[in-house]
Amino acid sequence: MQNVLPTEDYENQLMEKVHRLKGMMTPFSAPEPEFFRSPASHYRMRAEFRIWHEEDDLYHIMFDQQTKQRIRVDQFPVANQLINKMMQAIITGVKDKPVLRHKLFQVDYLSTRSNKIIVSLLYHKKLGDEWREHAAVLRAQLIAAGFDVQLIGRASKTKIMLDHDYIDEELPIAGKTMIYRQVENSFTQPNASINIHMLEWAIDCTQNSKGDLLELYCGNGNFSLALARNFDRVLATEIAKPSVAAAQFNIAANQIDNVQIIRMSAEEFTQAMNGEREFNRLQGIDLSNYQCETIFVDPPRSGLDEETIKMVQAYPRILYISCNPETLCQNLEILTQTHKVSKLALFDQFPYTHHMECGVLLEQRT
80 MQNVLPTEDY
90 ENQLMEKVHR
100 LKGMMTPFSA
110 PEPEFFRSPA
120 SHYRMRAEFR
130 IWHEEDDLYH
140 IMFDQQTKQR
150 IRVDQFPVAN
160 QLINKMMQAI
170 ITGVKDKPVL
180 RHKLFQVDYL
190 STRSNKIIVS
200 LLYHKKLGDE
210 WREHAAVLRA
220 QLIAAGFDVQ
230 LIGRASKTKI
240 MLDHDYIDEE
250 LPIAGKTMIY
260 RQVENSFTQP
270 NASINIHMLE
280 WAIDCTQNSK
290 GDLLELYCGN
300 GNFSLALARN
310 FDRVLATEIA
320 KPSVAAAQFN
330 IAANQIDNVQ
340 IIRMSAEEFT
350 QAMNGEREFN
360 RLQGIDLSNY
370 QCETIFVDPP
380 RSGLDEETIK
390 MVQAYPRILY
400 ISCNPETLCQ
410 NLEILTQTHK
420 VSKLALFDQF
430 PYTHHMECGV
440 LLEQRT
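The sequence shown finishes on residue 445 if you use this note's numbering, and the numbering steps up by one all the way, no holes.
Honestly, I wouldn't trust all of these hints.
Claimed, not checked - List of simulated lysine-lysine pairs, DSSO-like, C-alpha gap at most 30 angstroms:
#1 K205 - K320
#2 K147 - K101
#3 K195 - K236
It should be emphasised that the hints constitute simulated quantities derived from the structure, not laboratory data.
Could you build all of it, start to finish, from the sequences and the hints given here?
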């Protein structure tokens, strides 16, 4: 079975989202939203599938969210062309290799626009030297076929890398090529084209900014590094160790010298800013030395917690990227008491779904 996207209906579904977002933002006197289209197909840079074993056959499957029906997936037009080619190559490469096939239950793909890809094979069994040897043979075959691939084996409390667990993406951002290290099993933006739109919109929103930028939830530095050109300095926080390590690599790879990453959660940073706790991780960093007039937040689906909202309100300009307009609206009920929404954008990160990614720029009321 091949999945088919209703590409002819793309514009209608996008306009429905624009209309829905406008309605949600009406209570906050938001301006007309800018909106940014995704490619109508082959837009996702990552995908994961369960693997179904049926006698001698082996194939990718997904489950229908409503009916829980099993759906065979031989081609996946949501994912980019590289993932689609690799899906076929992995099935062919694993099917007749018992050591690689036995107890394989899931395959995850993480790819880049620069044609690099990580394939993670997940198992319900112990993995060891025998698996590594057979996986090395498969990887050599894939490389000979033209794939720039990293192969990883995962099982309970086990992770085997044949080389390393990351790939480096290159994105054209407002006239500059940016390098971003992406680590397996860590968060990355799923739609590269929309990510470029988000970064360029954020750069445009912060043109001619004064002072420094504070960023919470910075991940691998996706926004931090792109926005660094508009500020004297950037102070960014992130709690996940792999993302912090990737962000440090990205700072060096892009030859950026005005970004400082701190491994802290947004809640911890708020406590530090309020003088409620001291952290060894802040040794050598004088928070009072930063002159931040702009704060950037890209929180999880739950939005900003109550204490972080209070801290955020102290900044004249708030740039907020949201993957959940419902919690964004809850936060805006408080934020618009002190700030007004001056810009609004919709980024169609997940076409053909109910999900909306959006951005707002809030400026302090005078």
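Exercise. Hints broken by the structure, by number, lowest first?
Worked result: 2
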